[in-house]
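**Q** Given next are the chains, with one letter for each unit.
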Amino acid sequence: MSSPETAATREITFGKAINEALAEELRRDERVFVIGEDVAEAGTPFKVLSGLVDEFGTDRVIDSPISEAGITGLCVGAAMTGMRPVVDIMFGDFLTLVMDQLVNQAAKAHYMSGGSLSVPLVLRTTLGATRRSAAQHSQSLQAWVSHMPGLKVVMPSTPADAKGLLKTAIRDDNPVVFIEDKLHYPLVGEVPEGEYTIPLGVASIKRAGDDVTIVATSSMVQASLEAAELLAAGGISAEVIDPRTTSPLDHEMIIRSVQKTGRSVVVDEGHRSYGVTAEIAAMIAEEAFYHLDAPVRRLGARDVPIPFSPPLEDVTVPTPEAIAATVSELVAHSPAVAAGSGA
Amino acid sequence: MSSPETAATREITFGKAINEALAEELRRDERVFVIGEDVAEAGTPFKVLSGLVDEFGTDRVIDSPISEAGITGLCVGAAMTGMRPVVDIMFGDFLTLVMDQLVNQAAKAHYMSGGSLSVPLVLRTTLGATRRSAAQHSQSLQAWVSHMPGLKVVMPSTPADAKGLLKTAIRDDNPVVFIEDKLHYPLVGEVPEGEYTIPLGVASIKRAGDDVTIVATSSMVQASLEAAELLAAGGISAEVIDPRTTSPLDHEMIIRSVQKTGRSVVVDEGHRSYGVTAEIAAMIAEEAFYHLDAPVRRLGARDVPIPFSPPLEDVTVPTPEAIAATVSELVAHSPAVAAGSGA
Amino acid sequence: MAMSDEAAIVPVDPAGLDPWLQRYREMVTIRMFEERVNELYRSGKMPGLAHLYIGEEAVAVGVCSGLKQDDLITSTHRGHGHCLAKGADIGRMYAELLGKEAGYCHGKGGSMHIADHANGNLGANAIVGGSAGIATGAAFSAKHRGSGQVVACFFGDGALGQGLLYEVMNMASLWTLPVIYVCENNLYNEYTHYLEVTAGDVLARPRAFGIEAVEVDGQDVRAVREATDRLVQRARGGDGPAFLLCNTYRYHGHHVGDIDRGYYRSVEEEQEWRGQRDPIAVLGGWLSEQGIAGEAELQRHNDDVRRLVENGLAFALDAPFPEVSEVDRHVFA
Amino acid sequence: MAMSDEAAIVPVDPAGLDPWLQRYREMVTIRMFEERVNELYRSGKMPGLAHLYIGEEAVAVGVCSGLKQDDLITSTHRGHGHCLAKGADIGRMYAELLGKEAGYCHGKGGSMHIADHANGNLGANAIVGGSAGIATGAAFSAKHRGSGQVVACFFGDGALGQGLLYEVMNMASLWTLPVIYVCENNLYNEYTHYLEVTAGDVLARPRAFGIEAVEVDGQDVRAVREATDRLVQRARGGDGPAFLLCNTYRYHGHHVGDIDRGYYRSVEEEQEWRGQRDPIAVLGGWLSEQGIAGEAELQRHNDDVRRLVENGLAFALDAPFPEVSEVDRHVFA
Ligand SMILES: Cc1ncc(C[n+]2csc(CCOP(=O)(O)OP(=O)(O)O)c2C)c(N)n1
Ligand SMILES: Cc1ncc(C[n+]2csc(CCOP(=O)(O)OP(=O)(O)O)c2C)c(N)n1
Ligand SMILES: [Mg+2]
Ligand SMILES: [Mg+2]
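Protein chains in written order, with our numbering: chain W, 1 to 343; chain L, 1 to 343; chain C, 1 to 333; chain A, 1 to 333.
Same shape as in the complex, but just chain W (with noise of 0.2 Å):
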């Protein structure tokens, strides 16, 4: 991380950590341009925007058609042009209309052109269910495009994590995916005063532990912060690494733990199979094999279109219990209880 100015913090809003990002970097550098569905005036649905046209003026923030498509290739064109636009894709369900813009074209056209162009884009979108809004508005695509070499990965957790990863995304020459939990937007945290960035590819600890490493991306964070207190009460301390980006993926910092603890559950938002939980259990399954005291377990979403009924839709997603339960039982049937590394 890139020092604030001071080490002073004050408490704001996820989605309110967002807008400042936008807004510095609007104010910092005019080829930095949003576009999106309703993101003037209406400020997006999710009211994340708000505020940035009256500073910026429709020529910078600019609603759009329907097109997610046609302003992701828009975008590709305008950053292969000098410029560093920031597309809205109100929601990660809607990646599936994108996939080609952006993978088949901004990913790749650097590696095609031999380094001679460049396609500086920041597409954000969003993840996650239990909001109800049944099976195309709730998915989290995450492993679709950290599968894709030319792309990074962005899934911040807090709100300082947000703003700082934000302008450090804009400012990559590469297009950086930043998917946003839509729960988050409300949650407040503190965020640094003043000016900072953080680097892409490198893990945060989000709590320090000794008996078990949960790796948690974005929406899963908080629920495993949530198991970690659950555990304690139990007498079993969880190690909480948020990996931050999983594109670039940070192996160091979480071989690292779970060379200490001995045991790994990792958990995110999009489905179990063949989802992000499965390279990094994969990763740590391989890397850190003469130190696993017991198997790898993986939380994700059910393997089911997400449901819109509430009793069905909430067994969908890893809940704080259920990633207690799963850490409780490893450490239950694993022989090196709190004994650290078993090497």
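Treat the hints with caution; some may be incorrect.
[Unchecked claim] Calculated cross-link-like contacts (lysine-lysine; reagent style DSBU-like; alpha-carbon spacing at most 30 Å): (1) W:K47 - C:K45; (2) W:K16 - W:K206; (3) A:K45 - L:K47.
Derived from the structure by calculation, the hints contain no laboratory data.
Knowing the structure of chain W, use the given hints to seat chains L, C and A with the ligands on it.
**A** Okay, now just chains L, C and A with the ligands, sitting in the frame of chain W:
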């Protein structure tokens, strides 16, 4: 496998096996039709559908505009209303264009409607590099579709499997993504005479062995069999398992093998990070944890857009030599060589 | 809501009624159904959000009344009107909106995904323009099977931004498919006026693909129906697709939570549409003028519809949620 | 190839030549460049496939000659002509086609992805229609930056099937962006005649979005150039986008491996285009008529261009492949 009427076989190419499966199902069920770009007179650029239009006419083998999203959407609607479409997406790279219709519509309609709608659709597409086709015609995107509940994903590696699995896919009441290796089309193999089908979700042991389990998909099965030959020369006995479908995935057969061998290498032509290998390796590492003598290794396409230049492209995809080297290293570094289960 | 008078109401048998009086009842049903939806939301009884169709009733009723039961429709996020007009049961619809087992989708779909296969509704869609392919494919299927069915594809002005629409209109035209693209132009894409995001001439778009295109007053159910009849007849007769542009207006917010709308549209505009161009008032006035039904008669129908709506709602409120184990069902057929 | 005569040729200095003679040389360059590509393929010296532009030279040359060097283009899988016409070096292009380090993309792109940023070529694209967004965004950027640049977006008749095109034409029109959509209608989408898959009226499509659209004989470089000049002037002057439909023909197969074409088009058709409407012959004839250059003079230019092409090819054949370690470079900027 439903018993073929006779145990007799004959040698045909992979392409011919696909062609036969389509012809038989077109003949058997008038609800089946094929649609795609240049599928009729041209029989696709790969010539795989040659002759079908002559027998079935342009009403059932339909040349479409270059509208991947549109034809996929059209097939979803046709499938919901009593037809059994087979849509041809020439290159797997163009899945980028159909993800909304495939994932938000086809995969979810049955669930969202509480079972009242169903979408018996087969989407045939291709995978694979090393054809000097560069970054937008060389991808292997099975990880994306395997991640989606509601989709089945088939990746045959032999003519016999291709035929039996495609027939099953067409008869399945769900959307099935059927992925063919473009380099397989001219390859010849034994195919049963007469009618047969192969169930989805059942893996196939392509070579039996004791020291290591190589789990390989599609294009990588042949490479792994060649690797097994190389290894045999060095005294290492490799079992090669082809899951045949990544979704559903046959956990049982894979785990049974790893329990026997104590080691595993997973190989798939998609990019390594967040690829199909991650799920399979994580699953093995979790479910066979107490039987593993060594970490599960993964080989996938290098995490770069596929380059055009031959010497560069050649190092992007796992080769028999690379697979053999990975296995050899694994065996050399894990204590219980040829000792079977380490439990 | 004059609930206390309910017991006094004599149920009406809609069969045998004048067809326009039936249309009147259908529009009133949608209106009353949704007024209750709004209340359910505000009182925290309905999970999630809903996009109200109030103000646009003449479009769904005008189009769907011109279809046979086995004709098909595809619907949108703003789909309650389409679903009711195509014959859905009020109680099962409310049940779906409340996530109950008795709902059309066993609670799995909710407001944005109601499908009623038996009545030919292939489903609401929460992807703007997302059903254009499905509708076109259903028409392809109808033609191929020789079923004689016609398909109506509902979508909003916002869907004009989705490339998929042009891809499938091209195919519908090429293959003369029996599909009618019904564009409900309610002037807004969410919170943005359609003219800010829609270039050129809307009708010229389908016409460029060789598709017959007409514009009607979407507040006048008789006009919508008349146009529909002609286009359905063409489609059924093998003359191919059409595009029906219906100019209409939503009275409420983009969704039930969109209360402060001043930043994107004026109260005057809202009042003008509500006051001058209300589809129920327009048809009610005509029914009176024609001597088909006077005020008292219309009131009797209003009351009768209210009774049906309340009954349906009561059924749904009482109905149980699905068992949790249902979550794993219907992933695969 | 009369290679033995080469030594005798006196190089021509193209500067100062009549502009149409320059266009002639540019078209001949594309033709000869690609004839060699075809031979490289047939003799197994070129990796992969290539889509030859031969027959369509007047489009690329007519359009690109009307652009400034810092104006931008986006190109297609059939992109050699665009790339050369926008000023690329023959040797570096061949090097790219052969996967050599000296290629425009260090061999990473190949025929389908050549980009030449310095000359304003934002890249060929192997996704049909895939560059429509990029071109529109480049025009957005030009307008926003006030650079005065104009963007030409090349695509084939097949790209009319891609929804993306309509999404971005809408935005180009709304925001009066300086982009010219150049549709190269060579009658075929791969192996299917465009009329089998294209409904309605092509020009009516952009017009429906409020975009100025014109059709020209794509075999007549002067006609293409004249139309381009007008549309570029409009675009540069702030009058927004245009659509230029160029009717043209590819002489060879869809790609170099497409040899037996009888099942989708007749030899007569091929002969008619080659014989009657060859763009080089058409311009050559006009140059003679006008007394600008007679046959001998044109031959001198042919010979000179051949020398340049052969030199470029020799350079590329000799050039080394990239180091294998290059495979990991350029994934990220
Ligand atoms: C592809 C897609 N993009 C964005 C959205 C978010 N969204 C939901 S409704 C809506 C506006 C739709 O406007 P219109 O089509 O005119 O329908 P209306 O709401 O006016 O009935 C938007 C942008 C979506 N659901 N799908
Ligand atoms: C999205 C997409 N679909 C299909 C293809 C395969 N393909 C390559 S070229 C081509 C035909 C393109 O026709 P047209 O646009 O007319 O260009 P032409 O080849 O005639 O120059 C097709 C279908 C592709 N590259 N991209
Ligand atoms: Mg609208
Ligand atoms: Mg063409």
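**Q** All hints, please: hold or fail.
**A** Hints versus structure:
no. : hint           : result
1   : W:K47 - C:K45  : holds (24 Å)
2   : W:K16 - W:K206 : holds (21 Å)
3   : A:K45 - L:K47  : holds (24 Å)
Every hint from the earlier list agrees with this structure, and none is contradicted.
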